[in-house]
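Undergrad: Spelled out, the chains give:
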Amino acid sequence: MVKKIDQYRFVIPKTYKPGMNVEGLIYADDELIKQIERDQTKDQVANVATLRGLVGRSLAMPDAHQGYGFCIGGVAAADLEEGVVSAGGVGFDINCGVRLLAAPFAVDDVRGKLDQLLNQLFRDIPCGTGRKGPVEISRSELDLVLKDGARWAVRNGHGKEPDLNRIEDYGALPEAEPAFVSERAKDRGQYQLGTLGSGNHFLEIQAVDEVFEPGVAGTFGIQKGQVVVLMHSGSRGLGHQVCTDFLDLMQAGMKKYGLSVIDRQLACVPISSREGGSYLGAMAAAANFAFANRQMMTHRAREAFRRVLGSGDLRIVYDVCHNIAKIETHEVDGTLKRVLVHRKGATRSFPAGHPVLPEELRGAGQPVLIPGSMGTSSYVLVGTEQAMKETFGSSCHGAGRAMSRTQARRETTADELLSEMKEKGILVRGETRSGLVEEKPDAYKDVSRVVDVVQGAGIARKVAKLVPLAVMKG
Amino acid sequence: MRAGYTILEHPSDLGIEARGRTLPELFQRAATALCSIIVELETVRVREQREVVITASDREQLFVRWLTEILYLYDGTGFVCKDFRVESLSSTNLKATVLGEALRPSIHSRLLDVKAVTYHQLSVRQHDEGWVARVFLDI
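Chains as they are written, first to last, in the numbering used here: chain A, 120 to 593; chain B, -18 to 120.
If you are wondering where the hints come from, they were derived from the structure by calculation, not from laboratory data. Bear in mind the structure is a predicted one, so any value in this text is a computation, not a measurement. Please note: incorrect hints may appear among the correct ones.
Claimed, not checked - One side of the interface only, derived from the structure: several residues of chain B facing chain A at Cβ under 7 Å:
{"#": "1", "residue": "Ser(-7)"}
{"#": "2", "residue": "Thr49"}
{"#": "3", "residue": "Lys96"}
{"#": "4", "residue": "Ala97"}
{"#": "5", "residue": "Thr99"}
{"#": "6", "residue": "His101"}
Cβ atoms here follow ideal geometry from the backbone N, Cα and C, with glycine treated the same way.
Could you build all of it, start to finish, from the sequences and the hints given here?
TA: Now the structure itself:
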């Protein structure tokens, strides 16, 4: 039975399911917990708690919903010696993430040209299923992308050096080992560099509608009334294949290391094993592909803005990963410890003063970017000390789905959705009509409620609210 | 039920329930279901074929690897599949011919990116009238 311990926290005791090594903890309010309890999220949080060597608790953020193995919105940290790494704990879209760009324009500057701007972005940034990217690179060049991430992109003219300061891990995970990425994964990714993808991936032109902490917003480089661009994309087919490959490899490895799991999708191996090391090297390479991907789309967005509005000076506010596993230092039972933090649909939320942040952000804290559903608000938050104390420096990653894709299609037609968006004054371009409907606003939870829980629990603070002007969906 | 398969709901993604009188028929129908999620099958013609050989440690893994192979042919090599002929099948080995054509974006009406085939609530079971399988896809 789930036990409410305060307004925003619900504990799943170790007695909930046989084999749980640690407790589960879900961040929610009374309304969100009802939604969360409708699917298998709670069981998945408990299943994760059975993994060997976990420290702290198996966590679920307020946007949590049922996933595969781990729930989406799940966070779990493992001891480096005793613990395991699970490919399913990162997910198929390795380093799926969000990037926010600040434009040198106010809303009124762009209103008359919004349609033209959206069309230009839609032409210049390939989206939708199976689309080829803007550059053709050789296999050896792809290995450099996997090694250097956004640094590769900047070196090759897709952006500027200062961009790198505003990307989590400065746009490249140094542990990347391209040799551990299979040829099949490289086949899937080679022509997809610089593409948005489909499903829930998107690019939106938005306006800063409300600022809650002007000082922090100023440090981030955003102010009320400003035009911004929010993009959501990941490592495309390359990352998906890396996860697929290692799920199989980890299933074989479990026998070797005497491990068993409740759900096959939770397949895992010891972090300290050869297979664990190989996965972390391949995962980091796929994460770097995603950083390069978002960097290349940033470059194309700048070009589109320049062509239509005369200036392409889009500055990166920040770029966050929300599907990743990272070795970080956290306080566990009163002592500092190096642990592997799995974030499956969760965002890093580091506070002011954290040494991994660039100097220009260290005084304020790390920007935490929370996209809402199409046509609703998105938020910029900032990381907190409280997140370090109880969530291994993590927060939510979005609104979280509340309705299946098929139900969304049953309830609404593409025409109804487009006229609803038009009434709100939001322009929409989508690659497919069915894809659009599946992402309709009420297929997701209320992002404002999710963010209020995060703020209430103290694991991030609200800095600004963003509202959409134009939406591009893959 | 349409052509021996049903698309299942999942809070964020999609699943397939496929049925077949025989195991090869089950594998063929599940592959057709996967392709129907990726592309409008009516827009695909049979012009070329690919030979596929897969091994696995058990039947369920073989089923996932078979669908993953179809996904790789599309996403990794640009080959859109339409028909499937299973030549031989045991619980750990599969040999099949996959028929379809090279992806032509101007002709083929593409629907959704399928990221991967998952092991979540996976089942491949025999019952009185044949076989039934359930599998979920990450979209």
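Undergrad: Work down the list of hints and note, for each, if the structure agrees.
TA: Here's how the hints hold up against the structure:
1. The interface hint given for Ser(-7) (chain B) is met, as the beta carbon of that residue sits about 4 Å from the closest beta carbon of chain A, less than 7 Å.
2. At its closest, the beta carbon of Thr49 (chain B) sits 6 Å from a beta carbon of chain A; the interface hint therefore holds under the 7 Å criterion.
3. Residue-level restraint check for Lys96 (chain B) holds (minimum Cβ-Cβ distance to chain A is 4 Å; threshold 7 Å).
4. At a threshold of 7 Å, the smallest CB-CB gap from Ala97 (chain B) to chain A is about 4 Å, leaving the interface hint in force.
5. With 7 Å as the threshold, the beta carbon of Thr99 (chain B) comes within range of chain A, its nearest partner Cβ sitting at about 5 Å, so the hint holds.
6. Checking His101 (chain B) against chain A by beta carbon gives a least distance of about 4 Å; that is within 7 Å, so the hint holds.
Checked against the numbered hints listed earlier, the structure breaks none of them; every hint is satisfied.
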